Amino acid sequence: SQQGEEDPQALSIQEGENATMNCSYKTSINNLQWYRQNSGRGLVHLILIRSNEREKHSGRLRVTLDTSKKSSSLLITASRAADTASYFCATDAETSGSRLTFGEGTQLTVNP
Amino acid sequence: AAGVIQSPRHLIKEKRETATLKCYPIPRHDTVYWYQQGPGQDPQFLISFYEKMQSDKGSIPDRFSAQQFSDYHSELNMSSLELGDSALYFCASSWNLAESYEQYFGPGTRLTVT
Chain A
43 SQQGEEDPQA LSIQEGENAT MNCSYKTSIN NLQWYRQNSG RGLVHLILIR SNEREKHSGR
103 LRVTLDTSKK SSSLLITASR AADTASYFCA TDAETSGSRL TFGEGTQLTV NP
Chain B
146 AAGVIQSPRH LIKEKRETAT LKCYPIPRHD TVYWYQQGPG QDPQFLISFY EKMQSDKGSI
206 PDRFSAQQFS DYHSELNMSS LELGDSALYF CASSWNLAES YEQYFGPGTR LTVT
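Chains A and B, in that order, give the protein sequences. Under our numbering, think of the first position of the first sequence as 43, with each following residue one higher. Under our numbering, think of the first position of the second sequence as 146, with each following residue one higher.
Excised from the complex, chain A in its bound form (with noise of 0.2 Å):
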């Protein structure tokens, strides 16, 4: 079964705007961590949150965790058409040890 459901499936946004995605996640975990995937291409790695941080920043990425609520969203400021991609959660929970499960990942379109 899926950890980790995103929202939304899709989103397309004009360029300079700013992009959200969510991520849902069923058990607790240790920490949750976003990554980048350009068509059929590797992962990126983007930015990992402890399960004891609220907030993190990096560069144009803010990522928030609501433990309380197993969420957690990403927002990407002032888009660019090369953030076009596909964006996944990932998380490790406390009774799997460092193994990801993903979520099913939110494809971001960034139209110039």
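If you are wondering where the hints come from, they were derived from the structure by calculation, not from laboratory data. A quick note: this is a predicted structure, and the numbers were derived from the prediction, not measured. We put the beta carbon where it would ideally sit given N, CA and C, even for glycine. Errors might be hidden in some of the hints.
What the hints assert, rightly or not - Calculated pairs, DSSO-like style, for lysine-lysine (alpha carbon to alpha carbon, straight line, at most 27 Å): (1) A/Lys112 / A/Lys98; (2) B/Lys202 / A/Lys68; (3) B/Lys160 / B/Lys197; (4) B/Lys202 / A/Lys112.
Unchecked claim - Among chain B residues calculated to face chain A with C-beta under 7 Å, some are: (5) Glu220; (6) Gly229; (7) Trp240; (8) Glu244; (9) Phe250.
Claimed, not checked - Chain B is faced by these chain A residues, among others (derived, beta-carbon under 8 Å): (10) Thr69; (11) Ser81; (12) Gly84; (13) Leu85; (14) Phe130; (15) Asp134; (16) Ser140; (17) Gly145.
Start from chain A and add chain B according to the hints.
Frame of chain A; chain B shown alone:
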């Protein structure tokens, strides 16, 4: 900075053949993970190794085996290949001893079984 290296990048095999995928983790990383990503799907965990010992096992078929060698590189061996094994196979590495749990992924091996 050095990244995770996987070889080959593309592999075409016929049904019932065998395949070996190789992974070279980032230097100093002590943990290697293997994931399988089918078309249009999210990656699924197969197996992991910490300091050359199997540390976790996921949904890996019995036809598959893996190991990590003394130089920390890892190999995923796949036998009696089936059409359904066609997928992207990712290797990832992390430095868990340093409590740095970011997993960095290689570019993947695209396996096509015909």
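* Asked: Against which earlier hints does the structure fall short, listed by number upward?
  -> Hint check: 3, 5, 6, 7, 8, 10, 11 fail, others pass.
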